[in-house]
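A.B. asks: Start from chain A and add chain B according to the hints.
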Amino acid sequence: MILVWLMVILFAGGIGAWLAESRGAEHPRAVALAAILLDLFLVILMLVAPDTLGLGTADTVAQLGQQGEWLVLLQADWIPRFGVSFIFGADGLGLMLIALTVFLGLVSLGAAWGEIHERSGFFYFNLLWTLAGVIGVFTALDLFLFFFFWEVMLIPMYFIIAIWGHENKEYAAMKFFIFTQVSGLLMLLSILVLVYFHYDSTQQMTFSYFELLGTQLPDNISMWVMLGFFIAFATKLPAVPVHNWLPDAHSQAPTAGSVILAGILLKTGAYGLLRFTVPLFPAESVVFGPYAMTLGVISILYTAKVAFAQTDLKRLIAYTSVSHMGFVLLGIYAWNAQAVQGAVMTMLAHGFSAAALFMLAGGLQHRIHTRDMDKMGGMWGVAPQMAFMAMFFTVAAVGMPGLGNFVGEFLVLLGSFQVSHTITAFAALGLVVAAVYSLIVIQKVFFGKNVNNLKMADLSGMEFLCLALMMIGLIWMGMYPQTMLDMAQPTLQSLNIAFPG
Amino acid sequence: MSSAELTDLLQIILLTVTTVAVMVTAGFKRDHGLINALTQTGLFASLFIFVIIEPVTPLQVTPLLIIDEYSLFFSALIIIGGIAVTAMAYPYFEKHHQYNEEFYLLVLCGTLGGVVMAASNHFVSFFIGMEMLGISLYALIAYPIHSPKPAKFPLEAAIKYLIMSGIASAVMLFGIALIYAMAGSFEFAKLAQAPSGIDAVYQPVLLVGYLMIIAGIAFKLSLVPFHMWTPDVYEGAPLPVTAFLATVSKAGMVAVALRLLLAAEAFKFGEVTVVLSLLAAASMIFGNLLALLQSNLKRLFAYSSIAHLGYLLVVVIAAAAVPDIVSIESMSYYMTAYFLMSLGGFAVLSALSNSNKELDSITDIQGLFWRNPWLATVMITVLLSLAGIPLTAGFIGKFYIFTIGVEGKLWFLLTVLIIGSSIGLYYYLRLIYTMLQEPHGTIANDPAAARLPVGLNVVMAAMTIAIIYLGVYPTPFIETLQSLASTF
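Same order as they appear, the protein sequences are chains A and B. Residue 118 in numbering that gives the first Met the number 0 is what sits at position 119 of the first sequence, and the numbering runs on without skipping anything. Residue 76 in numbering that gives the first Met the number 0 is what sits at position 77 of the second sequence, and the numbering runs on without skipping anything.
Extracted from the complex, chain A is given alone in its bound form (with noise of 0.2 Å):
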């Protein structure tokens, strides 16, 4: 019950925010705080001490016919009609990948306390609904159920956009919509062919992920439909060449929407791959391998050089998380241990590592109402603050040894370069182009000499601790990784990865 308890906290928080407004424009912020926070206390309730919520592994498990760990499991009817039902868990990695979620909820908020003061009922609503969408996402376990959050945590994405968005909103809202909703159809299809074929074999209608693992499909529609997946999670993801919503959104977005788009939405689309497309599909994932590592690596390096041609900061740091993502993409197909724990690595470094460097941006633009980098300079001497911690995530997404983007990276090609030794070759390159771009953006915006004579106040205490905790998360992932491998390993298993000797 207890994830569902998350769930109906954010829900009803989100209804409570926006009835909250006709009190005054500060009280829906304060609601929220409290839902995330209640939340956040739960998420680290079963973190650390799951006993005290009555949580082992459930009971469940065994009748689902499923090895590995679930943490949490909760199984009821929903549509018998269609062999629909709620079935929600949650291992290892969907845990991380909750908490990861809540904490970057607060962290948005963080972003949002001093930014959004018109009709902020109503943006509460929005955030605190995606959110819950976000974790109905990693934990459910009914494909139907999976698809209905999937678009669930779109819509109030979009009034996000479309509301508190920068000049060209109406644009970047509907083609985030757009590329999201029809590749979610694609899935959709792909999600009924499947339960279709389960069907004909069975004469059981279900759409629960553990019957139908395993599923023959006709040989000549089962790559189709293992596209159909691919092509949603993808786009989510993003990939080149389903990548080019995310520039759009993430420059128009407020800084909480940017925050909220690069931490969590788009490690949904890697989850989906690992949880979903692989598993179901492992014989044409196989054959399909190559060709989506080398998707990856494509969408590693030539992002990595449209990033450095950009002078609009957000769409810069836009660019480089599909580069970053792409090597998510490119640990998921290598499917082994190493590589696979470097894709988790990487999905939960790069939520921190990103959502930090969108906050700084989203606080650069709030102060200066520019994103063009030609226009800063010298910033430095006028936020140092701001200038450290810019410095900080910078280095982070680049790669440094000791911060968790490091750790992750280096476990993706090293698993990779067991796989095929030239896509891995390439890929390391794109660790030489991120230290390019990044450090463009350092010298054009903190270095140089303000030439615009541009003022602006520091970091405020909100930002600060924001930005000072996901640094203290970073710095764990990177020295003392063990944590979250220790916490992956039984999903890994549970997906029966292969561990070299």
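Watch out, some of these pointers could steer you wrong.
Said to hold, decoys possible - Each pair of labels, with its calculated beta carbon distance range:
hint : chain 1 : residue 1 : chain 2 : residue 2 : range
1    : A       : Ala24     : B       : Pro322    : 12 to 20 Å
2    : A       : Ala33     : B       : Tyr472    : 27 to 35 Å
3    : B       : Glu130    : A       : Ser200    : 46 to 54 Å
4    : A       : Val285    : B       : Tyr472    : 34 to 42 Å
5    : A       : Ala11     : B       : Thr376    : 16 to 24 Å
Read the hints as simulated data drawn from the structure, not as lab findings. It should be emphasised that the depicted structure is a prediction, and the values quoted were computed from it without experimental measurement. The C-beta atom is built at its ideal place from N, Cα and C for all residues, glycine as well.
C.D. replies: Positioned in the frame of chain A, the structure of chain B alone reads:
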């Protein structure tokens, strides 16, 4: 006629009695409020009469009508449409239009026509029902014709509909005649044996008969390429009539069309499936594409309804390959969802309009979310549902279509469906975005800020709640549909 048969006919009888009562009352006392209340009472009574009827087994009442759960379900939908239109019409005409009483007479006649269609399994009753509905509609569309300044162009729309609809009826009659010549019967159930009973030489005659009937049906359902009249008539007609046209006239036709195609086993002709597939694909694509260009909301809804009936046709086509039960269930679900969405959408537009001025341009709803959050919430729910987003009835409806399409292996149509819905997303989102924008200027006497009449509020609330309820927890409703499909 036995008492059981009379009981089952009660719904139709009650509607007829109400019609006569309204006519007589209006003859003695012209009072808009009174007539409106009388109409509502009659409609509600005939809606709830199925509590008494409740046929567990279908009952053939005279050779013309069959009363079963399927017919009662569609009758209920049609009557709900009538109720909603009556609720919309009162504030729309009151104080803006002089003589309003006959309007309700026509609405009742049209509703009765729809109910007859839903219950018919005989060409004669089919045609009578269709014409009763059609003739009421000509007059309804032209209703504000004597108004000194009608909001739209009722005469043009009515003439257009009259001529086109007349031709469609004629084509359909010819088709019926051809089939009768071959099969020797007007009863749907007896048509199934027709192909085996006649010479191979005459088979094409039968086929041509079916195709002509399909053309007539396609006209009434405004499927591409028989859709030309739709946007003009939708726009020209007064808003409550547009709502009536979009819901009642479609539901009656869909109900009888599926009954005809299934009972007559028309799918035995491969050509029928091909023609229907082409109609469906063209409607999905062109309906959505043309909707992209519209800046008038009534026209936009017209094109969107074309696209939605294209989606619905996928279910009908799949009926050739899947068990009847599944296709009836899917179609009833989608039709219900379409009904709720259309009525909800038109109710919002009607709240902004009256018979002298209709606010039906996209710019009229700019910033509606901030001007009147309640109206905008209803509209956003409707639009999300039309776009097929989860948590709404529209999503489960689309899910049904996808499921049945996969089951029937209609890969081509499913691809077109995905393309069509993707295009559809764009214009639905554009409307939502417009409502979220800053309102332009300060509008004195903003109609969106005015107090809304209770009847309209009830309609909008009922539709919104139903759309969300059916999207979140459809199980009880699905069970109802399964039981009606199993007694078909």
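A.B. asks: Are A:Ala24 and B:Pro322 spaced within 12 to 20 Å by their CB atoms?
C.D. replies: Check failed, 57 Å falls outside 12 to 20 Å.
A.B. asks: Is the distance from the Cβ of A:Ala11 to the Cβ of B:Thr376 consistent with 16 to 24 Å?
C.D. replies: holds, 18 Å
A.B. asks: Given the hint of 27 to 35 Å, check if A:Ala33 and B:Tyr472 actually sit that far apart at their C-beta atoms.
C.D. replies: Given a distance of about 29 Å, which is inside 27 to 35 Å, the answer is holds.
A.B. asks: That 34 to 42 Å hint for A:Val285 and B:Tyr472 (C-beta), does it hold up?
C.D. replies: Given a distance of about 41 Å, which is inside 34 to 42 Å, the answer is holds.
A.B. asks: Given the range 46 to 54 Å, decide if the beta-carbon distance of B:Glu130 to A:Ser200 lies inside it.
C.D. replies: holds, 50 Å
The structure fails hint 1 only (numbered hints given earlier).
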